[in-house]
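K.L.:
Here is how the chains run, residue by residue.
Number of protein chains: 2
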Amino acid sequence: MARLLRAATWGLFPWRGYCSQKAKGELCRDFVEALKAVVGGSHVSTAMVVREQHGRDESVHRCEPPDAVVWPQNVEQVSRLAALCYRQGVPIIPFGTGTGLEGGVCAVQGGVCINLTHMDRILELNLEDFSVVVEPGVTRKALNVHLRDSGLWFPVDPGADASLCGMAATGASGTNAVRYGTMRDNVLNLEVVLPDGRLLHTAGQGRHFRKSAAGYNLTGLFVGSEGTLGLITATTLRLHPAPEAIVAATCAFPSVQAAVDSTVHILQAAVPVARIEFLDEVMMDACNRYSKLNCSVAPTLFLEFHGSQQALEEQLQRTEEIVQQNGASDFSWAKAAEERSQLWTARHNAWYAALAMRPGCKGYSTDVCVPISRLPEILVQTKEDLNASGLTGSIVGHVGDGNFHCILLVNPDDAEELGRVKAFAEQLGRRALALHGTCTGEHGIGLGKRQLLREEVGAVGVETMRQLKAVLDPQGLMNPGKVL
Amino acid sequence: MARLLRAATWGLFPWRGYCSQKAKGELCRDFVEALKAVVGGSHVSTAMVVREQHGRDESVHRCEPPDAVVWPQNVEQVSRLAALCYRQGVPIIPFGTGTGLEGGVCAVQGGVCINLTHMDRILELNLEDFSVVVEPGVTRKALNVHLRDSGLWFPVDPGADASLCGMAATGASGTNAVRYGTMRDNVLNLEVVLPDGRLLHTAGQGRHFRKSAAGYNLTGLFVGSEGTLGLITATTLRLHPAPEAIVAATCAFPSVQAAVDSTVHILQAAVPVARIEFLDEVMMDACNRYSKLNCSVAPTLFLEFHGSQQALEEQLQRTEEIVQQNGASDFSWAKAAEERSQLWTARHNAWYAALAMRPGCKGYSTDVCVPISRLPEILVQTKEDLNASGLTGSIVGHVGDGNFHCILLVNPDDAEELGRVKAFAEQLGRRALALHGTCTGEHGIGLGKRQLLREEVGAVGVETMRQLKAVLDPQGLMNPGKVL
Numbered sequence: 068m069a070r071l072l073r074a075a076t077w078g079l080f081p082w083r084g085y086c087s088q089k090a091k092g093e094l095c096r097d098f099v100e101a102l103k104a105v106v107g108g109s110h111v112s113t114a115m116v117v118r119e120q121h122g123r124d125e126s127v128h129r130c131e132p133p134d135a136v137v138w139p140q141n142v143e144q145v146s147r148l149a150a151l152c153y154r155q156g157v158p159i160i161p162f163g164t165g166t167g168l169e170g171g172v173c174a175v176q177g178g179v180c181i182n183l184t185h186m187d188r189i190l191e192l193n194l195e196d197f198s199v200v201v202e203p204g205v206t207r208k209a210l211n212v213h214l215r216d217s218g219l220w221f222p223v224d225p226g227a228d229a230s231l232c233g234m235a236a237t238g239a240s241g242t243n244a245v246r247y248g249t250m251r252d253n254v255l256n257l258e259v260v261l262p263d264g265r266l267l268h269t270a271g272q273g274r275h276f277r278k279s280a281a282g283y284n285l286t287g288l289f290v291g292s293e294g295t296l297g298l299i300t301a302t303t304l305r306l307h308p309a310p311e312a313i314v315a316a317t318c319a320f321p322s323v324q325a326a327v328d329s330t331v332h333i334l335q336a337a338v339p340v341a342r343i344e345f346l347d348e349v350m351m352d353a354c355n356r357y358s359k360l361n362c363s364v365a366p367t368l369f370l371e372f373h374g375s376q377q378a379l380e381e382q383l384q385r386t387e388e389i390v391q392q393n394g395a396s397d398f399s400w401a402k403a404a405e406e407r408s409q410l411w412t413a414r415h416n417a418w419y420a421a422l423a424m425r426p427g428c429k430g431y432s433t434d435v436c437v438p439i440s441r442l443p444e445i446l447v448q449t450k451e452d453l454n455a456s457g458l459t460g461s462i463v464g465h466v467g468d469g470n471f472h473c474i475l476l477v478n479p480d481d482a483e484e485l486g487r488v489k490a491f492a493e494q495l496g497r498r499a500l501a502l503h504g505t506c507t508g509e510h511g512i513g514l515g516k517r518q519l520l521r522e523e524v525g526a527v528g529v530e531t532m533r534q535l536k537a538v539l540d541p542q543g544l545m546n547p548g549k550v551l
Numbered sequence: 068m069a070r071l072l073r074a075a076t077w078g079l080f081p082w083r084g085y086c087s088q089k090a091k092g093e094l095c096r097d098f099v100e101a102l103k104a105v106v107g108g109s110h111v112s113t114a115m116v117v118r119e120q121h122g123r124d125e126s127v128h129r130c131e132p133p134d135a136v137v138w139p140q141n142v143e144q145v146s147r148l149a150a151l152c153y154r155q156g157v158p159i160i161p162f163g164t165g166t167g168l169e170g171g172v173c174a175v176q177g178g179v180c181i182n183l184t185h186m187d188r189i190l191e192l193n194l195e196d197f198s199v200v201v202e203p204g205v206t207r208k209a210l211n212v213h214l215r216d217s218g219l220w221f222p223v224d225p226g227a228d229a230s231l232c233g234m235a236a237t238g239a240s241g242t243n244a245v246r247y248g249t250m251r252d253n254v255l256n257l258e259v260v261l262p263d264g265r266l267l268h269t270a271g272q273g274r275h276f277r278k279s280a281a282g283y284n285l286t287g288l289f290v291g292s293e294g295t296l297g298l299i300t301a302t303t304l305r306l307h308p309a310p311e312a313i314v315a316a317t318c319a320f321p322s323v324q325a326a327v328d329s330t331v332h333i334l335q336a337a338v339p340v341a342r343i344e345f346l347d348e349v350m351m352d353a354c355n356r357y358s359k360l361n362c363s364v365a366p367t368l369f370l371e372f373h374g375s376q377q378a379l380e381e382q383l384q385r386t387e388e389i390v391q392q393n394g395a396s397d398f399s400w401a402k403a404a405e406e407r408s409q410l411w412t413a414r415h416n417a418w419y420a421a422l423a424m425r426p427g428c429k430g431y432s433t434d435v436c437v438p439i440s441r442l443p444e445i446l447v448q449t450k451e452d453l454n455a456s457g458l459t460g461s462i463v464g465h466v467g468d469g470n471f472h473c474i475l476l477v478n479p480d481d482a483e484e485l486g487r488v489k490a491f492a493e494q495l496g497r498r499a500l501a502l503h504g505t506c507t508g509e510h511g512i513g514l515g516k517r518q519l520l521r522e523e524v525g526a527v528g529v530e531t532m533r534q535l536k537a538v539l540d541p542q543g544l545m546n547p548g549k550v551l
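Line by line, the protein sequences give chains A and B. Just so you know, the first sequence maps onto residues 68 to 551 in the numbering used here. Just so you know, the second sequence maps onto residues 68 to 551 in the numbering used here.
These aren't lab readings, by the way, just hints derived from the structure by calculation. Quick caveat: nothing in here was measured; it's all calculated off a predicted structure. Some hints here could point you the wrong way.
When chains are identical, the list treats them as one kind, so a pair holds in a single copy or across two.
[Unchecked claim] 25 Å max Cα-Cα, derived SDA-like pairs, lysine to any residue:
hint, residue 1, residue 2
1, Lys536, Asp263
2, Lys208, Thr166
3, Lys429, Asp480
4, Lys402, Glu380
5, Lys402, Ser375
6, Lys208, Ala337
7, Lys536, Gly486
8, Lys450, His332
9, Lys103, Asn211
10, Lys103, Asp328
11, Lys536, His213
12, Lys429, Ala209
13, Lys208, Ala336
14, Lys103, His415
15, Lys402, Ile189
16, Lys208, Gln335
17, Lys429, Gly394
18, Lys429, Tyr419
19, Lys536, Leu210
20, Lys359, Arg246
Extracted from the complex, chain A is given alone in its bound form (with noise of 0.2 Å):
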């Protein structure tokens, strides 16, 4: 219905060129030729299985293929890709590496998806002042790569190994966003190809100072705006110096909470942990089974402490204290780089480590964010709606930040199934919302949230972002159909 729509505005304007010709949500030839005249015929595809390996994220949202993909080799090919598709009226969808998690990649309404991974330099390495622009193929762990041995290192962790633009995009975080924050807090300047070709620098070209007043916030703005209004092409980025020591540390509680009180504790107590992640008895069970731990199947916490070797001996002695008035066994710390390793691949593998737990299905993960006191509740309730659900499910979460994930997993052929996963996420968004909460901590809007989103910020919050939407992507052609 939607490229019919498209394809009867298209008719509408026949002067404009290429597509008068175009039959539902093909693309005309003169339109794919004028694609390749900008960035060589090589980088353009119409493929359907290149089309469907674009159309897709890690989600259970269903595959939606763009029209084309195209490869821009810089910033001046997306200004004039951009600008062709505003002229044509042609969707746009910006792909980076397609790990996000709430199908914000899915053309919904076809168009051009602009895969922007071939843009992949570190343009700029600041170490005295901490910071670094890298293009939308750099990810985080590249970065972290090419920061060895600087003393600097970029923190955001969302797991995947996305791309640092992709994660300006979303508003990612992760586990050390309790310490050092999230995109939203590190992303000092960007670079943004608007919708009709113009570039913008959202904090003025080549700016990288910690702090502005200077009008409006363009750049937070931008952040987590999903690629709905321009495309990231750069992204400037705030460092954070590398810890001098690390230490990783697990201990078992004997309810949920208890381990969330012990959060509640050990932030109260000021001291900086690094990551304070969140684990249930059944993620702990199938991480112990996936990733050959060997700890207690109980409500979980994994921590990180960053500092120097003295102030890390004092951050663990203070926490030690607090998880054991909170009842916690098995404390036990990781300060070898390999058992640390080794804990965190397992957190990062949790993911699979659920898929795991059921061969052949698909995971599903919700994204609530409650302020920190109403952990606990929600927590439990959300196991007791599990198990009554009957579906098979396992949390995990970023409890510093009041974020956790719930990865249910469905067999993607059964609707029933499915529609219980979704009934199951909808309902839990609205218990966040009921607790002050949001329904989403880091995942983003997307395809499957924006009843909750218009539920969260009510009918003024959305009106205005609407607004703000309408007056930067008039024609609406910045991935459509995602946020709003």
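With chain A fixed as given, assemble chain B onto it according to the hints.
P.N.:
Just chain B now, kept in the frame of chain A:
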């Protein structure tokens, strides 16, 4: 001229009531009666002395009185006032403590000044969630008095005892930003009355989560918007654990370069310094005289460390090593609360110490912020320019952020000198821009830096800001003449 235009516009819409018979910038009686009907007669004033009190801040910008001042008692009244002004095409200027430094409250097109200080309740304190909701009349000091003994505090400290909603509107920061961030980092949610009177909760009503990826970051858009997009009627702030112990320190350096190099090395060593303030020798001399200090008259750093006793020992030891490697002398601690208080009172009174250097003069404070690596060169050049200019000025800065102020003393009746001060400030702004910096780290654009903003963010940046302003405030009534 602006007032005549406005009067002309009103003349076009006599059927809209109230003001068809008005003359120039004076509000007609019916309109004033309508204001009184909203807030009560005793909460509206058109007396010149009151209007003049509300037409200026602490800057050298000349007084531009509004046509009336109103004191709403609650958000419903603010909403009705905005709707009333909107229907009549009357400009709206929000007013807090009047402690701004960029002429943000000057009523350059007349209109109604909405003094929000009668709304002074702390609406909600969530100790476990580290958050608080305050109305516009609550100042940062009042909040911290309220929080005493709670184990929490709010660290953003611009010096003046400003209202927290005003600080949000300005995007303020100050001495603690190097560790705790600016208002941009510490505002979780805003209640905003839009120009037409509708109520917006930027992160959804009652929400106070630590992070979110739900839709466009409306909170970030309104923080730092300087009253040009709406009236902030409540702010939800992030609180921090009160430090267990505090130590202050001072040390004098042989050169500006040595002081700034020490700053960079302290940050690189990941010492979690809470405050790191630079004062040049002129400023030190003035502070010694004004605040009865006995510090060396040399480029100096004032530092403060927060943490456990044990952590402080280590922070101090590391810092002492670094500053001594950079040739510091007189590194001295102040652990006792009284001694610390004397030091920071002197720092907070730097503005008045500077003014006392030339009695009868007014002060003008520049506010550039550059990448830290560029601080030494811009500070050295600025001092050379100061000497060459014949102006009286001193330098003080939040060097951990790359932000510094040159406090220039000017005889407000001497137009030639005022011109030289403005020229000096503009040249300094351009120098900061050339070094990838910003023309304002924390004071805002206000009236005087609109040209510099254009140079800073470029044509597309300013055009984007204009679009946002136009869509949220289509009649251009919110604090007109500021920012853009």
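K.L.:
Could you work out which earlier hints the structure fails to respect and list their numbers in ascending sequence?
P.N.:
7, 9, 10, 11, 12, 14, 15, 17, 19, 20
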